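Residue numbers (the working numbering), protein chains in the order written: chain A, 1 to 77; chain B, 78 to 348.
Since the hints were made in silico from the structure, they are not lab data. Please read all numbers here as calculations on a predicted model, not as lab measurements. The C-beta atom is built at its ideal place from N, Cα and C for all residues, glycine as well. Careful, some of the hints might be misleading.
What the hints assert, rightly or not - Only pairs whose alpha carbons sit at most 30 Å apart, straight line, appear in this in silico DSS-like list of lysine-lysine:
hint	chain 1	residue 1	chain 2	residue 2
1	B	LYS293	B	LYS263
2	B	LYS101	B	LYS326
3	A	LYS37	B	LYS263
4	A	LYS67	B	LYS323
5	A	LYS37	B	LYS333
6	A	LYS67	B	LYS180
7	A	LYS46	B	LYS333
8	B	LYS263	B	LYS333
9	B	LYS333	B	LYS180
10	B	LYS326	A	LYS14
11	A	LYS14	B	LYS180
12	A	LYS2	B	LYS323
13	B	LYS293	A	LYS54
14	A	LYS67	B	LYS101
Stated by the list, open to error - Listed next, with one range per pair, are the computed distances between beta-carbon atoms:
hint	chain 1	residue 1	chain 2	residue 2	range
15	A	ASN59	B	ILE82	41 to 49 Å
16	A	ASN65	B	LEU346	34 to 42 Å
17	A	THR27	B	GLN152	23 to 31 Å
18	B	ILE82	A	ASN65	34 to 42 Å
19	B	TYR230	A	SER43	35 to 43 Å
20	B	ASN342	A	GLY16	45 to 53 Å
21	B	ILE335	A	GLN38	22 to 30 Å
22	B	ARG84	A	GLY16	49 to 57 Å
23	A	GLU60	B	SER337	55 to 63 Å
24	B	ASN145	A	PRO25	37 to 45 Å
25	A	ASN65	B	THR341	55 to 63 Å
26	A	ASN52	B	LYS323	13 to 21 Å
27	A	GLN38	B	TYR230	23 to 31 Å
28	A	LEU57	B	ASP181	53 to 61 Å
What the hints assert, rightly or not - Partial selection, computed: residues in chain B whose CB lies under 8 Å from chain A:
hint	residue
29	LYS157
30	ASN314
31	PHE316
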Amino acid sequence: MKIEISFFGQLTDKTGCNSILMDNPGTITEFRNLVIKQYPNLSNAKFTIALNNKIALDNEVIPKNAKLALMPPFSGG
Amino acid sequence: MKEFILRYQRQITLDGFGMDAQEKLSKAKVLVIGAGGLGCPILQYLAAAGVGHIGIADNDLVSYSNLNRQIFFGQDDIGKFKVDIATLRINALNNLVKTTIYKDRWNQALSIEHFPNYDIIVDATDNFASRYLINDACVLLAKPLVFGAVSKYEGQIAVFNKIQDDQKNSDYIPVNYRDLFPEPPKSDEVLNCAEGGVLGVLPGTIGVMQATEVIKLISGVGEILSNQLLNYNALTNSFFKVQLIKNAKADLLIPKTIDSFMQTNYEQLCN
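With the hints as extra help, turn the sequences into a complete structure.
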């Protein structure tokens, strides 16, 4: 079962898209490694990961049909 | 008193608001740091709503590139201090509101001296050094922080460090900006508005939402974005809300004493 990934803010400049589908890699740490492998530009970007609308812990297990969001900090005002 | 009733009649009439909430607004003291794209609508709505005392901090002068979004200012104001124009406009809008202006770039010493005089701090700045400095000062001095930030077509809003008044939810622990992003990005990691651009109306939308959170915090009306981050995308009309949690790393990074806070070099952290 695929999981859905959304990219926010300037991360979309690095990925070239707003969202993708991906095979469930297991945990948040594994997901982070995989998404950076797929989009190497993300390796020097700061972002936090939300799992089903809640900030995720690194060792958290990704459930079926999960929705993940990569959210960067914004500085502008 | 008659003018007071007439001026605020539309909100006093609201169910759940009333004279009680209006009087709370009149007694409230709010410090808005940054009188730019976010600050202009925040200041306008807080003044119109009748917040009794508004602090306005900004060291910048009005320039042409401000005018697409900083709606307090016109072309005749170019080269003048933003805080001077903002306070003139507020006085013209509502002479029941007292204003205090700060023309220095916001720093640690100003935070320590002035945060205790305000009920709520509003972050309407445009750079990470100020944002982390203000966040850490709010944690150190136990002040609620209404946060807003923009990037191109998107914005973020949150209420950080809101200490619960009641014990309804015993699991509640207030989070702050460092729980979300423990360390600031380096200067080349995130484009600012000058580099990346910003849709002029966007800080208006986000600033108005920050002002709404301030008014709800003071009046006790409704639910606030406490421990939540709301993301708005103007291109797709989409809102995305995320529940925030404590991050053990954050506590290690926030200065624990006034001395260590004063010695932290926030400009260097972000370079």
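Cross-check of the supplied hints:
{"no.": "1", "hint": "LYS293/B <-> LYS263/B", "in the structure": "34 Å, violated"}
{"no.": "2", "hint": "LYS101/B <-> LYS326/B", "in the structure": "37 Å, violated"}
{"no.": "3", "hint": "LYS37/A <-> LYS263/B", "in the structure": "22 Å, holds"}
{"no.": "4", "hint": "LYS67/A <-> LYS323/B", "in the structure": "21 Å, holds"}
{"no.": "5", "hint": "LYS37/A <-> LYS333/B", "in the structure": "38 Å, violated"}
{"no.": "6", "hint": "LYS67/A <-> LYS180/B", "in the structure": "45 Å, violated"}
{"no.": "7", "hint": "LYS46/A <-> LYS333/B", "in the structure": "25 Å, holds"}
{"no.": "8", "hint": "LYS263/B <-> LYS333/B", "in the structure": "23 Å, holds"}
{"no.": "9", "hint": "LYS333/B <-> LYS180/B", "in the structure": "28 Å, holds"}
{"no.": "10", "hint": "LYS326/B <-> LYS14/A", "in the structure": "26 Å, holds"}
{"no.": "11", "hint": "LYS14/A <-> LYS180/B", "in the structure": "38 Å, violated"}
{"no.": "12", "hint": "LYS2/A <-> LYS323/B", "in the structure": "29 Å, holds"}
{"no.": "13", "hint": "LYS293/B <-> LYS54/A", "in the structure": "23 Å, holds"}
{"no.": "14", "hint": "LYS67/A <-> LYS101/B", "in the structure": "41 Å, violated"}
{"no.": "15", "hint": "ASN59/A <-> ILE82/B: 41 to 49 Å", "in the structure": "58 Å, violated"}
{"no.": "16", "hint": "ASN65/A <-> LEU346/B: 34 to 42 Å", "in the structure": "39 Å, holds"}
{"no.": "17", "hint": "THR27/A <-> GLN152/B: 23 to 31 Å", "in the structure": "56 Å, violated"}
{"no.": "18", "hint": "ILE82/B <-> ASN65/A: 34 to 42 Å", "in the structure": "54 Å, violated"}
{"no.": "19", "hint": "TYR230/B <-> SER43/A: 35 to 43 Å", "in the structure": "24 Å, violated"}
{"no.": "20", "hint": "ASN342/B <-> GLY16/A: 45 to 53 Å", "in the structure": "36 Å, violated"}
{"no.": "21", "hint": "ILE335/B <-> GLN38/A: 22 to 30 Å", "in the structure": "45 Å, violated"}
{"no.": "22", "hint": "ARG84/B <-> GLY16/A: 49 to 57 Å", "in the structure": "51 Å, holds"}
{"no.": "23", "hint": "GLU60/A <-> SER337/B: 55 to 63 Å", "in the structure": "32 Å, violated"}
{"no.": "24", "hint": "ASN145/B <-> PRO25/A: 37 to 45 Å", "in the structure": "43 Å, holds"}
{"no.": "25", "hint": "ASN65/A <-> THR341/B: 55 to 63 Å", "in the structure": "43 Å, violated"}
{"no.": "26", "hint": "ASN52/A <-> LYS323/B: 13 to 21 Å", "in the structure": "18 Å, holds"}
{"no.": "27", "hint": "GLN38/A <-> TYR230/B: 23 to 31 Å", "in the structure": "24 Å, holds"}
{"no.": "28", "hint": "LEU57/A <-> ASP181/B: 53 to 61 Å", "in the structure": "40 Å, violated"}
{"no.": "29", "hint": "LYS157", "in the structure": "20 Å, violated"}
{"no.": "30", "hint": "ASN314", "in the structure": "13 Å, violated"}
{"no.": "31", "hint": "PHE316", "in the structure": "11 Å, violated"}
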